[in-house]
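Let the hints inform the model, and build the full structure from the sequences given.
Chain order of the listed sequences is S and P.
Counting the first sequence from 1 gives a position; the working numbering is that position plus 3.
Counting the second sequence from 1 gives a position; the working numbering is that position plus 26.
Simulated from the structure, these hints should not be mistaken for lab results.
For each residue, glycine too, the CB sits at the ideal point set by N, CA and C.
Mixed in with the good hints, there may be bad ones.
[What the hints assert, rightly or not] Derived DMTMM-like pairs (lysine to aspartate or glutamate); straight-line CA-CA distance at most 20 Å:
| no. | chain 1 | residue 1 | chain 2 | residue 2 |
| --- | --- | --- | --- | --- |
| 1 | P | K193 | P | E270 |
| 2 | P | K193 | S | D75 |
| 3 | P | K193 | S | D35 |
| 4 | P | K266 | P | E213 |
| 5 | P | K301 | P | E291 |
| 6 | P | K225 | P | E255 |
| 7 | P | K301 | P | E290 |
| 8 | P | K38 | S | E53 |
| 9 | P | K266 | P | D194 |
| 10 | S | K166 | S | E53 |
| 11 | S | K166 | S | E102 |
| 12 | P | K193 | S | D135 |
| 13 | P | K257 | P | D228 |
| 14 | P | K193 | P | E213 |
| 15 | P | K257 | S | E133 |
| 16 | P | K225 | P | E259 |
| 17 | P | K266 | P | E231 |
| 18 | P | K266 | S | E133 |
| 19 | P | K349 | P | E339 |
| 20 | P | K257 | S | D135 |
| 21 | P | K266 | P | D228 |
| 22 | P | K301 | P | D194 |
| 23 | P | K193 | S | E133 |
| 24 | P | K38 | S | E97 |
| 25 | P | K266 | S | D135 |
| 26 | P | K225 | P | E202 |
| 27 | P | K301 | S | D75 |
| 28 | P | K301 | S | E133 |
| 29 | P | K349 | P | E337 |
| 30 | P | K257 | P | E213 |
| 31 | P | K225 | P | D258 |
| 32 | S | K166 | S | E100 |
| 33 | P | K193 | P | E296 |
[Claimed, not checked] Take a look, some chain S residues computed to stay more than 12 Å from chain P by CB distance:
| no. | residue |
| --- | --- |
| 34 | A15 |
| 35 | M111 |
| 36 | L118 |
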Amino acid sequence: MNNPVLRYIAYAIAALLLAVATVVLVPFIAIDGIVPDVMLIWAIWVALNEGQMIGMLAGFGAGLLFDMVSADVIGSNALAKVLAVFVAGYFYLETREREMTGSLRFPMITMLSALIHNVIYYFFYLRPTEIDFVQFFLRYGLLTALYTTVLSLIPMLIISRQKD
Amino acid sequence: MIRILELIVRFKEYVVLCVLVAMSFLLMTFGNAAKLRGFRIILISGIGFLQESLAWLPNPLTILSDNAALREANYRLSREVAHMRRAAAENERFRALLQFRDSSDYAVRPARIVGRIMDKSRYYLTLNAGTLDSVFTGMPIVNDQGLVGFVYSSALHHAIVQTILDKDTRIAAKTERSRVNGIIAWEGGTNLYLTNVAKTEDVHEGDIVVTSDYSSRYPADITIGRIIEKKDEPTTLFWKLRVEPAVHFSSLEYVFVGLQSPDEERLLVEELLEKRLKRGDINKETSTRAREAIREANRLSREASKEAAKEAERQTIRDSLNKLRQTPSKDSSDE
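Structure, rendered in structure tokens:
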């Protein structure tokens, strides 16, 4: 899609569908309470296709939506997603977007961003409690990041097949 | 001005990052959840509608465990029914004899679970009952097995339940056998922990844990779970008691909403105290008062010693004057 307006509309529709899928379908693929962060994959995808700035705005929007639904401190999810996507945005290469999203670099970037996201998110999540951060992060943060990375292989494989 | 604009355009990514981070921190500091209530209600209604319309989808991962849990529950319940019948008859007789009114009875309303929301390590349930069915925020949620959680938020036709498997869980609880009080908390995973139980207390593995009378949110004597592990940690004075919840959260389909809202005033007062304790205001206040008292005592003692010194000086002068008065009269008498 060459028209940027149409492209942004497509991103918005994709975000809406993914948000619905997160609420309705993600519990079906939960493994021992661990669920992947689909919206983070979407925000990273936007950052790798449109650049750091648009990606950060997408991450902020997705994070804020989650803050509204959950009982977390409003803004904590948004902050974590903005910073995670900011890091992912460094890997944006203009005119070579498909090279990034259609190769193994995409899941690697997702892993890095998911780890950054979870460190920030769980820091604010556990701050008012006495739960040990390191133990909790190793149990939930790492596994969630790993599951998110595994799920990011799906869009990577689709793009890689299209490239071929 | 043009140079500033050029700089902003050149480093626009960093400017946007700073703005978004600042906005996030502002939301975290000043973001009032109460102001977003309307927006949240719309979201919850939407989520509830979506989940209800897709509730027919079977979850293959839980079907096997559901069946096993149901069979086990069926066997256990059939044994318990006979026992309960005897106990109920006996109970009725005693009540009639003592003209004792059962104060723990409270009205309940059945509700169906139409969806589950898993967000990181939080676990919510969506009910097909809302404010139109007299289901309001804060009401306890139970089932035949025990305590499930409480209504976190309620819309017209749907309500979101925050289960006890949540990091914010703090429930005043006691063991059914020895009536030892403690606090139920969650630290991740599928089990809970009974905390603040001293090593001198009489608790055993297998003891049933129920809600205590001190609980501000839940009625007393609702089963929470069973102690499955009692660990002696040498560094603390308390037992580490792992509690298996009585409720099988993976196979939950129907629950009961306890139609009694918690005492808002009590909750507010306890919440305020907790916040102040966390901030350390009370300790600060106490130490400030203590410092002021010490300062005041020092001032008074300094004044007292000054007064005493002055008084001693005055006395010395008075004595000297008396001596002087007496001395010339003696001399004159001698002359």
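Results for each hint:
1. P:K193 - P:E270: holds, 16 Å
2. P:K193 - S:D75: holds, 11 Å
3. P:K193 - S:D35: Roughly 17 Å separates the two Cα atoms, so the pair holds.
4. P:K266 - P:E213: OK: K266 (chain P) and E213 (chain P) at ~12 Å, within 20 Å.
5. P:K301 - P:E291: Holds: K301 (chain P) and E291 (chain P) sit about 15 Å apart, inside 20 Å.
6. P:K225 - P:E255: holds, 14 Å
7. P:K301 - P:E290: Distance ~16 Å between K301 (chain P) and E290 (chain P) Cα, so the pair holds.
8. P:K38 - S:E53: Holds - the C-alpha atoms of E53 (chain S) and K38 (chain P) are around 14 Å apart, at most 20 Å.
9. P:K266 - P:D194: holds, 19 Å
10. S:K166 - S:E53: Holds, because 19 Å separates the two Cα atoms, which is no more than 20 Å.
11. S:K166 - S:E102: Distance ~9 Å between K166 (chain S) and E102 (chain S) Cα, so the pair holds.
12. P:K193 - S:D135: The hint holds at about 12 Å.
13. P:K257 - P:D228: holds, 14 Å
14. P:K193 - P:E213: This hinted pair holds, its Cα atoms lying about 6 Å apart.
15. P:K257 - S:E133: Holds, at roughly 19 Å.
16. P:K225 - P:E259: Between K225 (chain P) and E259 (chain P) the Cα gap is close to 10 Å, so the pair holds against 20 Å.
17. P:K266 - P:E231: Within the cut-off at roughly 11 Å; holds.
18. P:K266 - S:E133: Answer holds: K266 (chain P) to E133 (chain S) is near 15 Å, not above 20 Å.
19. P:K349 - P:E339: Holds - the C-alpha atoms of E339 (chain P) and K349 (chain P) are around 15 Å apart, at most 20 Å.
20. P:K257 - S:D135: holds, 18 Å
21. P:K266 - P:D228: holds, 13 Å
22. P:K301 - P:D194: holds, 13 Å
23. P:K193 - S:E133: holds, 9 Å
24. P:K38 - S:E97: holds, 16 Å
25. P:K266 - S:D135: holds, 15 Å
26. P:K225 - P:E202: holds, 18 Å
27. P:K301 - S:D75: Since the Cα atoms of K301 (chain P) and D75 (chain S) sit roughly 17 Å apart, the hinted pair holds (cutoff 20 Å).
28. P:K301 - S:E133: holds, 14 Å
29. P:K349 - P:E337: holds, 18 Å
30. P:K257 - P:E213: Holds - the C-alpha atoms of E213 (chain P) and K257 (chain P) are around 15 Å apart, at most 20 Å.
31. P:K225 - P:D258: Since the Cα atoms of K225 (chain P) and D258 (chain P) sit roughly 8 Å apart, the hinted pair holds (cutoff 20 Å).
32. S:K166 - S:E100: Holds: K166 (chain S) and E100 (chain S) sit about 11 Å apart, inside 20 Å.
33. P:K193 - P:E296: holds, 18 Å
34. A15: A15 (chain S) is indeed farther than 12 Å from all Cβ atoms of chain P, at 16 Å.
35. M111: Its Cβ never comes within 12 Å of chain P, the nearest being 21 Å, so this holds.
36. L118: Non-interface label stands for L118 (chain S): nearest chain P Cβ at 14 Å, farther than 12 Å.
Hint compliance for this structure: every hint is met.
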